[in-house]
Amino acid sequence: MPYGPNIVRAWFDTVFQYAFRGLESERVFLAGRDWTFRFQTRALEYLNPLAKHLPAAARENLEQFVSFFPLVRPRISDHDFCEHQLEENCRAYFNAILESPSFQKIFENVASEAPDAMGREFRSHFGAYTAQTDFMGSLAEYLINNVERLPSYYSTAQLWDRYRDRFLPLAFDPALAHLRTATEQAGCSMLEAVNDLTSLLKEKRSELSLRFDVPYVAELDNVR
Amino acid sequence: MIRDPLQQPIKLVIDTSLLVLILGYKCMLLDKAEPLERVRVLNQIRGRDGGILTQRFDDLWSLFWSAASRTVTQHVIADGLSTLGCGDP
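In the order they appear, the protein sequences are chains A and B.
Each step along the first sequence adds one to the number in the working numbering, with nothing skipped, and position 20 is 20.
Each step along the second sequence adds one to the number in the working numbering, with nothing skipped, and position 52 is 52.
Source of the hints: derived by calculation from the structure; they are not laboratory data.
A hint or two may mislead.
Residues from chain B shown here face chain A by an in silico Cβ test under 10 Å; the list is partial [as the list claims (entries may be wrong)]:
id	residue
1	I10
2	D15
3	D31
4	L36
5	V39
6	L53
7	T54
8	D59
9	S62
10	W65
Heads up, the beta-carbon is just placed ideally off N, CA and C, and yes, glycines get one too.
Just chain B, same shape as in the assembly:
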């Protein structure tokens, strides 16, 4: 396979707010939640009003999986788990 030389691999650096959304998205998929329920829960996780388009959560998920590499620091993981109420790591 020949890689398109113009296509740069995506490298993602994820902060806490994105990590918890990605974890939430995965949980909703595993729970086989209906799409609208998934959007409701993700909006709650996001914890802010501001009229984010429903599609943006799907876009974030696709972006995450399309990345060639993803960087999440230990501090962000700990912060994210704490945000989700998973206790001390």
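Looking at chain A on its own, in the form it has when it is part of the complex:
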């Protein structure tokens, strides 16, 4: 065997530890149908290709591991492909929302009503953002990420909690429904890929641990 306990220890500490943490984080977001899409970057903030969940210096260890376990590579590729698809779908859905006459009309009505109804300027709900495009982007982002109630310390919490039900029917707008469905399906696919990859990595970790007598966690001080 060209590798031994030292290399296995390194894989556990620099690859598996971070991979499992990243995959678990993704699982929680995906199970909650929160795609972590961000309007400023038009990207998914916390759903990423697997390698990005590892520190940059550890990615060579991942490559080494995969070179000895080629069955893992297709599962990683599936995961990364699903992430890419979900991001593309979110982008398309986001662009369609912004261009939707229905969304624009609802936004204008809310912007017009909110100052009197809530006793403060509309722009004050959006923190540091000052442009109307950013206001619209924020609200579209909540729609895409299926945000329900926001914690009260978010500047947009009161506005979103009050007017969320005005925006929700957009999901069934003929121009948007198919994009929403595609996004939801992409999210389900990615969740499946996350679960499959997690299972396979756990299986390989268990085999290595028992074969080389290397515990998953060596010392608690070394584990973050």
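Position chain B against the provided structure of chain A, taking the given hints into account.
Relative to chain A, chain B alone:
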């Protein structure tokens, strides 16, 4: 502007463990670190395992900035700087 009489201003009292996380978050923003890198560094700063949700760091940041007032004692500042390896104040 009329303040909502039911909305109480948030007053935060921050201890060392929260201060270093907030400073770390700001540093990551200034460094334009990618979100996953930011989460990794903040988990290291936190220094404990325990499955904290990724979102909690963002929530802490939002809570900090939404507070009407924030209290940090001198002792906590000194302790926090020491934790971050910034030497004696």
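Status of each hint after checking the structure:
1. I10: holds, 6 Å
2. D15: Cβ of B:D15 sits 18 Å from chain A, so the hint is violated.
3. D31: Violated, because the Cβ-Cβ distance from B:D31 to chain A comes to roughly 14 Å (cut-off 10 Å).
4. L36: holds, 5 Å
5. V39: holds, 8 Å
6. L53: OK, holds: B:L53 within 10 Å of chain A, min 6 Å.
7. T54: holds, 5 Å
8. D59: Holds: closest Cβ of chain A sits about 6 Å from B:D59, inside 10 Å.
9. S62: For B:S62, the interface hint holds, since the closest Cβ of chain A sits about 5 Å away, which is under 10 Å.
10. W65: holds, 8 Å
In the structure shown, a violation is registered for the earlier hints numbered 2, 3, in ascending order.
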